[in-house]
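Q: This is what each chain is made of:
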Amino acid sequence: MSTFREGQNQAHPNKTSTLILALIMVLMANVSIQIWLLYTTLNNALANNKDIAFPAFIASLVLFLIGFFWLYYLPGGIKSRRIKKKVTLNDIYH
Amino acid sequence: MATDTKDNHWKEDFPIQQLESSQVTRRDFAKFLCLVSGGLAAGTGIVALKANYFPEEKVKGEHFVCKKNEIPLGGTRTFVIEGSTIPYVLIHLEDGQLRAYEQKCTHLSCAVFYKPKSGQIECPCHNGLFDALTGEVLAGPPPRPLPRLDVLMKGEDIFVSALPENHNRT
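Protein sequences appear in the order of chains W and Z. Read in order, the letters of the first sequence correspond to residues 341 to 434 in this note's numbering. Read in order, the letters of the second sequence correspond to residues 2 to 171 in this note's numbering.
Chain W with its partners taken away, still in its complex shape (with noise of 0.2 Å):
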């Protein structure tokens, strides 16, 4: 029987190719900005400008968490349909 999933994702074969370019596009961005954090953090902290280091490091911190939770998003691969519960007589004659 087919899920209403599968129906969609039959009705809209680009869904899944255009969500994980949106999700790698935010990923990358976010990428983006820890690097420029970072060099930024660097460059004080060598100029003895020590403040800006730990906003910086927490900014760059919530970063990696927003990615690493924006992950579970990811489409699935194909996955083989699990079976919730085991099947038996009953269920298949009633």
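Some clues are possibly wrong.
[Said to hold, decoys possible] For lysine-lysine, the following DSSO-like pairs were computed, each having C-alpha atoms within a straight-line distance of at most 30 Å:
hint	chain 1	residue 1	chain 2	residue 2
1	Z	LYS105	Z	LYS59
2	W	LYS355	Z	LYS32
3	Z	LYS118	Z	LYS68
4	W	LYS390	Z	LYS59
5	Z	LYS69	Z	LYS116
6	Z	LYS118	W	LYS390
7	W	LYS390	Z	LYS105
These are calculated hints, taken from the structure and not from any lab test. These numbers were taken from a predicted model, which means no experiment stands behind them.
Put chain Z on the given structure of chain W with help from the hints.
A: For chain Z alone, kept in the frame of chain W given last:
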């Protein structure tokens, strides 16, 4: 990758197809980006910890460099402080003032040198220019001023020491 078809027993030990080993799925790429993100966050954390709890040791005490008559106007003298490997340069500016800076460019650590009569210190690697009077960046890629030492005169002897905190650079 070897494409020898005569003896393919090694393929049993390495059952990974060429296509699989050379292509990265978008899913794996997204996970890799997340890993890079974690690495960058950790790196920023290490920099923050080092800057706040393990700062670099400053130059302690006063160190003799040379006598004043050994360095002519517009001349320079490089020196290293005992117990350290950082190269410094002492500059006798044309107006008679003495300045001492770290001889490493703040961009990529190339050796900098004083351009006589110009009042500028130049880094030849990427044409970075510093003000010889203050050490501030005038042009080029260096992101920070040159680290500076305080110059002290004791009679004819020139000594250097760490620049006091909150010292006005001029």
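Q: Which of the stated hints cannot be reconciled with the structure, identified by number in ascending sequence?
A: Of the numbered hints given earlier, the structure breaks just one, which is hint 6.
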